[in-house]
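Given the coordinates of chain A, assemble chain B onto it according to the supplied hints.
Number of protein chains: 2
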Amino acid sequence: SVNPDLASERQTASFSVEKLTALLDGGSEQTRIRRAVVEAIESDPVFSRENQYFQTQNERYEAAVRKAVHLQKKMHEMGWTENGPEYKYIYRALSGDVAFLLHRVFMRSISVLGSDKQIAKWIPLATQHKLIGSYAQTELGHGTYLQGLETTAVFDTATQEFILNTPKISAMKWWPGDMGRSATHTVVFAQLYIHGKCYGIHPFIVQIRSLQDHSLCPGITAGDIGPKMNFEHTDNGYLLLKNVRIPRENMLSKFCEVRPDGTYVRQGSQQINYFTMTTVRISLISDEVLTPLMKACTIAIRYSVVRRQSKLKPGEQEAKILDYQTQQEKLLPQLAAAYAFHFINNYLQELFNRGYREIQRKNFDMLPELHALSSGFKAVITQHCTAGVEICLRACGGHGYSLLSGLPSLYTKILASCIYEGENTILLLQTARFLIKCFMAASAGQPVPPSVTYLAAVKHGKCPAKNKLDFLSPDIYTEAYQHVAVRLTSNTAAKLQDLIQSGVKKHDAWNQCTVQLVQAAKAHCHYIAVKNFAETVEKLETKAGIQKIMKHLCDLFALHGIFSNTGAFLHDGYTSAAQMDMVTASYLDLLDVIRKDAVPLVDAFDFTDKSLNSALGSYDGQVYQRLYEWAQKSPTNQMSPAYERYLKPLLHNTLSKL
Amino acid sequence: SVNPDLASERQTASFSVEKLTALLDGGSEQTRIRRAVVEAIESDPVFSRENQYFQTQNERYEAAVRKAVHLQKKMHEMGWTENGPEYKYIYRALSGDVAFLLHRVFMRSISVLGSDKQIAKWIPLATQHKLIGSYAQTELGHGTYLQGLETTAVFDTATQEFILNTPKISAMKWWPGDMGRSATHTVVFAQLYIHGKCYGIHPFIVQIRSLQDHSLCPGITAGDIGPKMNFEHTDNGYLLLKNVRIPRENMLSKFCEVRPDGTYVRQGSQQINYFTMTTVRISLISDEVLTPLMKACTIAIRYSVVRRQSKLKPGEQEAKILDYQTQQEKLLPQLAAAYAFHFINNYLQELFNRGYREIQRKNFDMLPELHALSSGFKAVITQHCTAGVEICLRACGGHGYSLLSGLPSLYTKILASCIYEGENTILLLQTARFLIKCFMAASAGQPVPPSVTYLAAVKHGKCPAKNKLDFLSPDIYTEAYQHVAVRLTSNTAAKLQDLIQSGVKKHDAWNQCTVQLVQAAKAHCHYIAVKNFAETVEKLETKAGIQKIMKHLCDLFALHGIFSNTGAFLHDGYTSAAQMDMVTASYLDLLDVIRKDAVPLVDAFDFTDKSLNSALGSYDGQVYQRLYEWAQKSPTNQMSPAYERYLKPLLHNTLSKL
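Residue numbers (UniProt numbering), protein chains in the order written: chain A, 1 to 658; chain B, 1 to 658.
Bound-form chain A, shown alone (with noise of 0.2 Å):
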């Protein structure tokens, strides 16, 4: 029986909510399919992860070896395939609980840095699983930087083979998953040397243990390197290479190679390992990322209905704690942030496609628009989502805290995303090169890629809104965004030049204004968030009050922004401290607007009980019931050995009866 507290918030729905799944999925085909995928996963008590909060690293890992094996058995019992339209849903459904996701990158590597005879002769291996790869590129001393790697492939031509060392300990390789304990093979990346000259970092594959016994070969030194603050299930693993020969085949040779004699052969272009790393950060949006930050406001927000605390009337019972205005701001703006964050994701993935399309064409033109797109909104993303979590949990006070909410450990994951493929500060510096040089390029009058066309008009007007309905209208709150965004990119153009003109080199002046570059970054990817929801709103259909519910979810999106920002949108005067005052009024408002319909917004994003694993999240609203009847299995309920040793003789000379 659902909870009356939950049930009654879902009579009211403004807007049907399995239309909105539908649109979320991209059709109701899509729906029925997700749907099938989580069934068959969740109803096979293989994939449970019913005890997960309870396990030890050891147990966490093995319980992903186990799913992972199982999983090539269910795949084939089920029918699906790597290409089907079920695949994309698998891992979404086992919440990344699996081990083996760096054998993926193992075979990505190879086919995409791999010779044809190479791919021929490694990838059926790969696919059987007969052997298990990992993908070793960080090292304990090195990660973004990678021309700093010190790890070296030297080519000796007696033997035709290259000798890997780690000529240092801060050479070891440190991280890679699926390396501490079960990979047999790796792709290693090192400076390649021949004949003394180094040609720089070039990717091998190395057989790191035994396949029949699973010992490490011979001058391999692996392990896993212990405790993580989540990742339990993950084997991130070091490597120490002594010595280790590799026969002249086993480097990766697309695009380069070595010939017997030792002659260095570059071939095509390198550009498309950009588009690698582009793919990645991309991919990693919606599983990463989104799904997390859905799965923290379908909690914390289910929670806020059931939970009734103090009294908002004298007189009347305890009130749900969603209806105090300092709930609402912690939690109604993280949701419209899942839906304008999900749409974005649309965006780049189309973007992305479209690329990928004129990449096969051989025109590389739209490499440098979605390298910044995709390195800022990986980084705007994973940070405003990681925060959004963070604010999920802690609104729900001490439950919150407990693991069986579910919160700490989605908390503790994400947070990881801030940091993986490639940290995130440096990621906004990355886009902010592209919009300096973008900037440059529109002022001078050249033409530049179509998400920066903005940065040509620049804009010396006041922000025109005249009340406070006046910024419920995307135009204004767009144009606002839009007018920041060009104000630190060109005060920050500005300033660079200014330093270099003063006599302050290059370097120096850069890293001078990296702080306010990062500002500029930042407001360039908001902007284009903002813009993209507005955008997908005006495009949906008007039926069964889906448009109206995503206006009102873009408008707190976009007024939150302003709010939490005052002082951008301020500055130069654009927007008057009374126009300010009507945004915070405005805001304010939405939030009334949007608590009527919150629990079915989040109804919206299907997560089953199993996959949301939460005592505070469940979809009927018996917490108080499920955190007890859960924390009653935790282990922390058996017999501890601290009485017999030590309470024990502490208490034994007291009365029986105080």
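There's no promise every hint is true.
If chains are identical, the list can't say which one is meant, so a pair holds when it fits in one copy or spans any two.
[To be verified] Calculated lysine-lysine pairs in the DSS-like style (CA-CA distance at most 25 Å, straight line): (1) Lys74 to Lys648; (2) Lys413 to Lys88; (3) Lys413 to Lys633; (4) Lys633 to Lys168; (5) Lys73 to Lys121; (6) Lys468 to Lys495; (7) Lys648 to Lys121; (8) Lys437 to Lys505.
Rather than coming from a laboratory, the hints here were simulated on the basis of the structure.
Model, not experiment: these values are computed from the prediction.
Positioned in the frame of chain A, the structure of chain B alone reads:
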């Protein structure tokens, strides 16, 4: 040997680290005593935290009990007493990783709320650990709003007993520390009923476990609430009471008594109860909030001068990451905040001591101000420091995400401080209520407490700064902070009045202002923190460079606050856009100045390697060696059953060597 990249940072300190440590400790004699306690604790293997990151929740609990029991012996051995000068350093030296902390709260509540007879009976038993106490207030469905607690205590005149019940699942006691597995007794807060009439919440001593065999007493259901985000060492518990009978004498009766015939007698003032909460909120700031931020700064800053990544100047070696402006902008404001909050903590302690003396003379006049300041600063400091620790964690990239960095557990622990002892938003609203009341009083010409007299002096001037150096004048920035606090308070007071005058009911009007009330409360605390830092610097001795470096930190703290909240200062034109650009320039300049002393400034916190328990933060900066050595000891480097069960069957068909 010290990593040369770290060693060089210490050679150029602009001040005496030892003198600054003494300043932080409150004198060199205090430093001596603290170091002696730390030495005694850290040299004792029973107190070791070496394997902490590898332990399960059960193992952590057992270790915490072992340490608590051993601590009694140690104190005796060392001649440390609860009233001695060493006492306050013990908890810090243990990093809080010890059981029976609620036993102390049990004792304190009896001392404060119990009659002389009750104190005489229970305190000696508790002191000798002949029982283990806990404190059962929070319920599954009720936290902050004490009047909503559902547990009942019905007086039975026939047997002269109270009959205790948790009538619904939401009435179950939930969260009390030491109660899940250890406690034999607890203080239960329950609604008192006599002859069918409710007299509100009262405290009762209830035995929950046998002193003979630790089995649960009749009518008691109790256990551990399971895994949490941190606090694995604490057995937070649940408690169900079913017709549990306790003698009339077990109601703590200093302020209220039930006579044998059922007559209810209230005696003395209960105002002192609020003072108890004030005490707790102030006392937690130092150990639970400031220490973790100081540790996080130490770890992140030392790491940032050892880690080199990318090139700042072409042709040079990779740069220390602390040389990047963006890294400075992440870490140095946190360092400044740690100092700012250390000094405001001293201020609050002094105010509290003064209040305590007044209360002993039956003068309760200072209570409202003390309550407002302790609530507001508890919220502001926990919030700021939690965010600060998270920034430190992220600033260390991947390695910050490893538990071995120490940062994840600092973060997950400090986060709880935002929730316990009063949820932060609710506390800020209590401060805001005080501010609004005082503002109205001040506007009407009535006297108000010292910390809010500034509210009376509303000035409509403009910031007089003429160039960026003017913003290094404490008068200039303190005045700006004051102006913002007054504006936010007076504007919100006006909105509140307008709403009420337009016919909105008082409680609705209040709710509609809460988002802005929270802003006003934060601005008030921020202003006081800046003012106090500036006044503290003013009084410092000018010798040994201490005053100079503290002045820089004070400036940075103040300007960072303006830079991060530009809108608040720009809104009514008090600060102009041109002045805001001066703030930005001065702020960015300061980063460069403080960067030079960053390592000495964290060295002054004087944490030992054992207390940091971090592979990244050790005094010698041998980061990579330590990460590697430590990871090898992880239980994840033992053989996993996953190999025999899943990997071997998968791989056994493969060729032995590819």
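Now the hints, each set against the structure:
1. Lys74 to Lys648: between (51 Å within a copy, 19 Å between copies)
2. Lys413 to Lys88: Close inside one copy (20 Å), not across copies (36 Å); limit 25 Å.
3. Lys413 to Lys633: Answer is both: 24 Å inside a copy and 24 Å across each meet the 25 Å cutoff.
4. Lys633 to Lys168: Result: close only across copies, 21 Å inter versus 47 Å intra.
5. Lys73 to Lys121: Answer is within: at 24 Å inside a copy they meet the 25 Å cutoff, but 67 Å across does not.
6. Lys468 to Lys495: between (35 Å within a copy, 16 Å between copies)
7. Lys648 to Lys121: Classified as between; 22 Å across copies, 65 Å inside a copy.
8. Lys437 to Lys505: Intra 18 Å, inter 56 Å, cutoff 25 Å: intra-copy only.
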